[in-house]
Amino acid sequence: MEIIFLLIAISLILAVGFLFLFFRAMKSGQYDDNYTPSVRILFDQKTKSKKNNTTSTKSK
Amino acid sequence: MKATDQKTLICYHCGEDCQEEIIHFDEKDFCCTGCKLVYEVLSENDLCSYYEIADNPGSSQKATSGEKNRFDYLDDREVIQKLLDFQNEVESHITFYIPQIHCASCIWLLENLHRLNAGIISGRVDFVKKKVQVKYLRDAVSLKDIVRLLSKIGYEPRINLSNLDKGKVVRSDRRTIYRLAVAGFCFGNMMFFSLPEYFSEAELIGEKFIGLFNYLNVVLALPVFFYSSSDYYKSAWLALKNKSINMDVPIVLGIFALFFYSLYTIFVLGEAGYMDTLGGLLFFLLIGKIYQQKTYETLSFDRDYKSYFPMAVTRLVQDSEEVIPLARLNVGDLIRVRNNELIPSDSILIEGEAHIDYSFVTGEEVPVVKRKGQLIYAGGRQKGTSISLAVQKSPSQGYLTDLWNNESFEKEKVHSLESLANRTSKWFTLIVLLIAFGSLAVWSFSDLSIALKAFTSVLIIACPCALAMSTPFTLGNTLRAFGKSKLYLKNAAVIEKMAMVDTVIFDKTGTLTEPANASVEFVGDELSRETRQVIKAMVNQSTHPLSNRINSWLVGEKRTILDQVEEIPGKGLQAFCKGHEFLLGSSDFTGAVAEGGKKGGNQVFLTVEGQALGYFFIQSGLRKEVGRVVSELGQAKSIHLLSGDQAHERDNLQRVMGDQVHMNFKQGPTDKLNYVKKLNRKGAATLMLGDGLNDAGALKESHVGIAVTDKITNFSPASDAIMDAEVFGKLPAFLAFAKTSRKIVMASFGLSFAYNVVGISFAVQGLLSPVFCAILMPMSSISVILFTTVTTNYMAYKKGLTKTEATWK
Chain A
374 MEIIFLLIAI SLILAVGFLF LFFRAMKSGQ YDDNYTPSVR ILFDQKTKSK
424 KNNTTSTKSK
Chain B
10 MKATDQKTLI CYHCGEDCQE EIIHFDEKDF CCTGCKLVYE VLSENDLCSY
60 YEIADNPGSS QKATSGEKNR FDYLDDREVI QKLLDFQNEV ESHITFYIPQ
110 IHCASCIWLL ENLHRLNAGI ISGRVDFVKK KVQVKYLRDA VSLKDIVRLL
160 SKIGYEPRIN LSNLDKGKVV RSDRRTIYRL AVAGFCFGNM MFFSLPEYFS
210 EAELIGEKFI GLFNYLNVVL ALPVFFYSSS DYYKSAWLAL KNKSINMDVP
260 IVLGIFALFF YSLYTIFVLG EAGYMDTLGG LLFFLLIGKI YQQKTYETLS
310 FDRDYKSYFP MAVTRLVQDS EEVIPLARLN VGDLIRVRNN ELIPSDSILI
360 EGEAHIDYSF VTGEEVPVVK RKGQLIYAGG RQKGTSISLA VQKSPSQGYL
410 TDLWNNESFE KEKVHSLESL ANRTSKWFTL IVLLIAFGSL AVWSFSDLSI
460 ALKAFTSVLI IACPCALAMS TPFTLGNTLR AFGKSKLYLK NAAVIEKMAM
510 VDTVIFDKTG TLTEPANASV EFVGDELSRE TRQVIKAMVN QSTHPLSNRI
560 NSWLVGEKRT ILDQVEEIPG KGLQAFCKGH EFLLGSSDFT GAVAEGGKKG
610 GNQVFLTVEG QALGYFFIQS GLRKEVGRVV SELGQAKSIH LLSGDQAHER
660 DNLQRVMGDQ VHMNFKQGPT DKLNYVKKLN RKGAATLMLG DGLNDAGALK
710 ESHVGIAVTD KITNFSPASD AIMDAEVFGK LPAFLAFAKT SRKIVMASFG
760 LSFAYNVVGI SFAVQGLLSP VFCAILMPMS SISVILFTTV TTNYMAYKKG
810 LTKTEATWK
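As given, the protein sequences belong to chains A and B, one line each in that order. Numbered by the working numbering, the letters in the first sequence go through residues 374 to 433 in order. Numbered by the working numbering, the letters in the second sequence go through residues 10 to 818 in order.
No lab work stands behind these hints: they were computed from the structure. Each residue gets a CB set at the ideal place from its N, CA and C atoms; glycine is no exception.
Computed, partial: chain B to chain A, Cβ under 8 Å:
| hint | residue |
| --- | --- |
| 1 | Ala113 |
| 2 | Ile116 |
| 3 | Trp117 |
| 4 | Glu120 |
| 5 | Val134 |
| 6 | Phe136 |
| 7 | Val137 |
| 8 | Arg183 |
| 9 | Ile186 |
| 10 | Tyr187 |
| 11 | Ala190 |
| 12 | Phe194 |
| 13 | Phe218 |
Sample of chain B residues lacking proximity to chain A, with all beta carbon distances greater than 12 Å (derived):
| hint | residue |
| --- | --- |
| 14 | Glu53 |
| 15 | Asp81 |
| 16 | Arg86 |
| 17 | Ile296 |
| 18 | Thr749 |
Pairs of lysine-lysine residues, derived as BS3-like cross-links and limited to a Cα-Cα distance of at most 27 Å, are as follows:
| hint | chain 1 | residue 1 | chain 2 | residue 2 |
| --- | --- | --- | --- | --- |
| 19 | B | Lys250 | B | Lys298 |
| 20 | B | Lys140 | A | Lys400 |
| 21 | B | Lys303 | A | Lys400 |
| 22 | B | Lys161 | B | Lys138 |
| 23 | A | Lys400 | B | Lys138 |
All chains should be modelled from the sequences, with the hints used to inform the complete structure.
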């Protein structure tokens with residue numbers, strides 16, 4: 374049963390690690406704007422694919 | 010092209026109907042040159058994907074003014090310094106507020122600014138806050154050029170004086186989230202360690218684990234006790250210092266009882282404590298708090314005159330012009346105000362013809378003519394040619410800003426309408442303390458240890474967790490329901506005040522009247538078809554509000570092609586058609602005189618070749634719903650009307666609004682303020698509806714001040730709520746719903762009292778166990794949240810407040 378001591382220690386360390394990661398994400402501003410990135414990600418693809426198209430037609 | 014000539018064409022850029030003119034360009038239709046210009050800029054730079062992401066994504070460019078030097082103040086180093094977020098040797102960062110941001114295309118375009126100007130490094134949009142952060146190279150491009158570029162593509166940033174004064178925005182909501190994260194983390198882990206205690210056959214695991222688990226719980230409780238709950242201590246301390254009790258006092262009482270009693274049981278008795286309950290309590294409380302913060306983060310309400318006034322003025326110094334920031338304007342300076350610019354301070358007209366549009370101040374948009382030597386109050390907008398003015402008072406001391414500085418703005422409203430939750434919590438705390446001491450006294454005769462246990466258990470279980478959460482959740486949901494129907498409240502306290510209202514005061518101009526609803530009548534001989542077509546073509550050329558009204562009166566009429574049209578600002582329109590001279594405008598201008606003319610409205614005369622044909626009689630019309638709203642409200646409330654106009658419309662108003670309305674005419678801003686004051690002193694709970702700066706004092710003084718506006722993003726005076734003019738008819742429903750939500754709060758109070766009664770009845774008997782606490786506490790919180798959320802949304806739905814389609818009509 375003594376193994377539980379170790380398991381508790383590990384679980385606490387893991388949990389503290391997650392808390393720390395959350396704090397870091399919060400500080401970096403990831404949660405400030407949770408709408409715009411969802412739109413932005415679509416643009417990037419669109420413009421890139423367009424550029425690729427035009428360059429490919431030119432090269433032909 | 011799919012649209013035919015019969016159909017109304019839709020502008021490729023902004024999606025509005027092309028009513029007045031249609032510009033064909035590049036096989037596309039545009040409603041105005043502004044829209045076409047934006048398209049040209051974008052197509053030159055190969056940015057036409059803008060139009061592919063969303064249909065007709067632009068905003069109409071009709072109303073933008075074309076003054077070239079209106080951004081000159083952005084050359085001023087002081088101004089730049091204040092606006093920038095960050096600056097180093099190479100680059101500068103600035104955040105603009107751009108209200109026009111509304112679709113995916115906007116985001117795309119604003120994040121591709123670097124393709125329009127090589128000096129710009131990047132743009133980053135925050136869609137919800139409608140902000141763009143632009144990073145640019147200091148040497149390659151100036152701030153002024155960036156603002157000009159943004160304005161050119163139809164996204165003119167809003168920059169005003171209050172931007173300059175802004176301090177560092179405190180990220181307080183982030184701090185609460187950190188507190189929540191800590192509380193959640195500790196709560197979760199403490200539940201793990203308390204699990205053996207819940208199934209009280211703890212012997213399964215063995216003694217040494219119990220001890221360890223208890224000590225771990227204490228360690229985990231420390232951050233909750235010292236960090237997560239610190240805001241509650243501060244608030245409770247402040248309340249006690251002011252010799253009052255707020256919601257947070259019983260909460261702090263509960264936190265202390267939980268923490269110290271648990272320390273006692275763990276270290277002295279060697280038994281399990283209630284630390285997990287403490288963690289859960291803070292976790293739920295903070296969730297409620299964050300929810301509250303999120304719902305309030307909508308609009309800024311405390312905008313003062315500074316956000317309305319321009320940033321800079323053109324000063325005349327020995328025949329040359331210079332643009333200076335408004336703060337540097339002194340009494341005695343000569344300034345120049347151009348078409349569509351604001352009068353920044355009370356001044357005397359020196360040169361030029363002033364046609365001042367006071368629509369913001371009074372709600373009436375037809376310009377007022379001022380002559381040389383007359384005093385012009387700040388806040389008006391010049392229409393027509395540029396004028397020179399001598400400044401009489403500094404911008405912070407003008408007539409209208411005086412009103413802002415009236416004492417009723419200085420102090421917070423200290424009305425008798427105390428919030429329901431705080432009143433309840435006073436009683437709550439008192440009763441809980443009585444019960445706790447009562448059980449202590451009763452038990453101390455038989456068993457002192459049970460007496461102590463019962464005393465603390467009562468404090469623990471009676472924690473008003475559910476009580477504290479029912480208010481923010483109910484009112485938060487109510488705020489959301491109101492917001493969906495375009496009534497935006499400043500905070501939740503307004504709802505409680507709205508529920509109490511027994512007196513409704515309306516401002517007339519702009520609040521009850523609606524420019525688009527104006528009644529137009531032609532007095533004179535019947536107009537021939539040809540004449541109507543000529544007039545239609547003439548008024549099309551003008552942006553004067555009266556022209557617009559005549560234009561909409563002549564709906565469906567075709568326009569003839571005119572040989573020549575000219576607008577003489579402040580006078581009227583002159584046009585030549587097939588050799589005939591047409592004049593449309595004021596009496597002086599046309600030379601026509603109204604014989605026994607109607608009064609109480611505006612007259613626009615028409616002459617052809619010097620011969621008077623008659624005049625247009627234009628009266629601002631009342632909103633359609635006024636009659637119904639007044640009769641519905643009048644059943645239980647007294648209705649008052651304040652108007653800045655003469656009394657000539659009394660009969661007309663009385664016919665629509667009924668007899669029980671108290672009408673007051675010729676009311677200036679201060680009269681309105683005093684009128685509301687007088688009613689308040691009589692003990693009435695007042696609701697004021699107004700729209701202009703002249704209502705600002707009354708709006709602030711009333712218990713609930715609602716600013717009615719046609720465009721939510723426009724400036725509106727400081728108030729408790731902002732209402733979109735189109736939902737004016739829902740006013741009775743809004744007030745009724747405020748009452749309902751108050752009832753829901755009370756019902757959920759009842760629910761949480763029921764939990765408390767059950768809990769306390771166990772506690773006074775000294776039967777409280779950690780398991781019982783661990784189940785009852787979260788259950789009461791969650792069920793109260795569910796109850797309020799579900800009922801509020803259901804009631805809002807039933808009253809038709811959440812259905813946005815209903816406002817389309």
